[in-house]
Amino acid sequence: MLIRTPKDWELPASAVTPESLYHLSKRRDFLKALGVAGAALAAREVLAATAGFPSKVNAAYRDPALKPTAYEHITSYNNFYEFGTDKAEPKTLANRGWKTDPWTVEVTGMVNNPLKLDVNEVVEKMGGAEQRVYRLRCVEAWSMVVPWDGFQLSKLIALADPKSEAKFVKFTTFLDKKSAPGQADGNLNYPYIEGLRLDEAMNELSFIATGIYGKPIPHQNGAPLRLVVPWKYGFKSIKSIVKIELTDKQPKNTWQVLQASEYGFYANVNPTVDHPRWTQASERVIGGGLGRQKTLMFNGYEPQVASLYQGMDLKKNY
Amino acid sequence: MSTLEKLLRSKLVIWTLLVLPGLWPLWPIFLRPDASVTADPFKYVLHHLGFVACLVLATVLAFSPLRVLWPKWGVAQALNRHRRLVGVAAFVYAALHLGTHLIYEGGFEFAAIPATLKTAVGKPFQLTGLIAFTILLVLALTSLNSAIKWLGGKRWKNIHRLAYVAAGLAAYHQAAARKLFPMQVVWIFGPLVILEIARVWKQRQPKSGAAVVTPSGAARSG
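Going down the list, the protein sequences come from chains A and B.
Numbered continuously in this note's numbering, the first sequence closes out at residue 318.
Numbered continuously in this note's numbering, the second sequence closes out at residue 222.
Some clues are possibly wrong.
Said to hold, decoys possible - Listed next, the in silico DSS-like pairs over lysine-lysine satisfying Cα-Cα at most 25 angstroms (straight line):
no., chain 1, residue 1, chain 2, residue 2
1, B, 123, A, 315
2, B, 43, A, 294
3, A, 116, A, 163
4, A, 249, A, 155
5, B, 179, A, 252
6, A, 215, A, 155
7, B, 118, A, 294
8, B, 179, A, 316
9, A, 163, A, 125
10, A, 167, A, 252
11, B, 43, A, 316
12, B, 179, A, 315
13, A, 315, B, 118
14, A, 294, B, 123
15, A, 67, B, 123
16, A, 294, B, 179
17, A, 316, B, 118
18, A, 177, B, 179
19, A, 167, A, 243
Think of the hints as simulated: they come from the structure by calculation, not from any bench.
Every value quoted in this text rests on a predicted model; they were computed, and no experiment measured them.
So that you can see chain A by itself, here it is in the shape it has in the complex (with noise of 0.2 angstroms):
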């Protein structure tokens, strides 16, 4: 099946409104009837990240091979512990009042250019979105293709202007215990931490994602902004940042700190390194019916990323 290139303008025929959205739309009418200006309209016309739509595809990162998976279910098959651990729930949970605009983004730590910024004024100062689109590899030995929009990081890290002494980049997700259920059971320690070598944050591949599909990102993937790594685990893909922090020590990440026996800090994409509890050598296809298929070293990106790696006993650095 031809993917074909949607125009700038399209949207996806597979793309509903979500009901979030469509509450939204009636305030817009309320708004409207009172006459509120265009701009200030425009600003709450959608929940949060509104800025960059719409998206410029870049060619670069959009193999006609890869079939994007459909949005229903990139929408309603999520790991977001903070909304339960069930698939499901994040849909439903994170839709309940949580709110993301607005949203201020930390770049701090060692910085000549610390930033503190709306989300939306990001996106600006990175020229708008562009779309990519990304394989998503879970640990859990599950896949998916996910058409992101966004912007790619090392701009924002460049922005930032980092100091020579800084070595990692460590990435902080919010902390709300009244909207978020699973923050409040303390099913994992939050606020959720995750961490790259800066290196791997300055790579091309790495992106900063404020949407899908050409649309603001749904809550229950990590709305308003959130990482996208796509040679790595899922877990890696930290959603809903607070906070981007340039520091010299390797930051100690959730899962790795919950169960460093699974779980380590790089997290590459690896089918000969073994999950202590399952193959990694396979994965499910998402919405791909019986589809199953091998897994690639490092998620299909081994050309942009393997020289990272070299000399690095990728099964001891796991």
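Following the hints, put chain B in place on chain A, whose structure we already have.
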């Protein structure tokens, strides 16, 4: 006899109660499709079958302690008529669960099944499930009337005590199946543990009709 007792004495009723959980996945996959299930329907079926196997196994093991703790309760007596049926049902669900895993993990290729089994033996989480299944297979085979006759009461009883080992292994296997410990293990096996502790405690109590030696030396039952 209460209505509940009457119902539970019926093989048809028990068969229905055993088959219905197996049909449950039809609902979110076909009848009222749920995107979070149709995302990976075989994984959903795999987990569901495993859950039902654990539930049915814990249920059948609860029949005996219920009868010991409440010997006059008609419902407990009714349930104990179906120990073989429900026990074999646990085996059937475990077999379906394993079958789903073998087929799905190998990408629906039969040639891949040996490799899948080899992986299973090499990982403690999967191996415990495999051993639990093997025990249930032995128990199912020895539940035939001909097997009971051939083994004799005492040998048969000892073999069927392995059901408790299978339950322990199944509980571990279920506990290790997700990234985080799932509470459903506690709900399924917790009540059984409590019942067994109570049963063992009761069976260790001296019987009310036990002989009592009086100071005069004469035995007297009271």
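Straight-line alpha-carbon gap residue 43 of chain B to residue 294 of chain A, limit 25 angstroms: The hint holds at about 17 angstroms.
Distance restraint between residue 43 of chain B and residue 316 of chain A, which requires alpha-carbon spacing of 25 angstroms or less: Measuring from Cα to Cα gives roughly 30 angstroms; hence the hint is violated.
Given pair status - residue 294 of chain A, residue 118 of chain B, alpha carbons within 25 angstroms: holds (18 angstroms)
Proposed proximity, residue 243 of chain A with residue 167 of chain A (alpha carbon, max 25 angstroms): With a Cα-Cα distance of about 17 angstroms, the restraint between residue 167 of chain A and residue 243 of chain A holds, given a limit of 25 angstroms.
Restraint status (C-alpha distance of residue 177 of chain A to residue 179 of chain B at most 25 angstroms): holds (22 angstroms)
Restraint status (C-alpha distance of residue 116 of chain A to residue 163 of chain A at most 25 angstroms): With Cα atoms ~18 angstroms apart, residue 116 of chain A and residue 163 of chain A stay inside 25 angstroms; holds.
Pairwise hint evaluation, residue 316 of chain A against residue 179 of chain B, where the allowed Cα distance is 25 angstroms at most: holds (21 angstroms)
Holds or violated: residue 163 of chain A to residue 125 of chain A, with C-alpha atoms at most 25 angstroms apart: holds (21 angstroms)
Pair hint outcome, residue 179 of chain B versus residue 315 of chain A [Cα-Cα no greater than 25 angstroms]: holds (20 angstroms)
Satisfaction of hint between residue 123 of chain B and residue 67 of chain A, Cα-Cα up to 25 angstroms: Measuring from Cα to Cα gives roughly 33 angstroms; hence the hint is violated.
25 angstroms Cα cutoff - pair residue 123 of chain B, residue 315 of chain A: holds (17 angstroms)
Proposed proximity, residue 179 of chain B with residue 294 of chain A (alpha carbon, max 25 angstroms): holds (22 angstroms)
Violated hints, in rising order: 11 and 15; the structure is consistent with all others.
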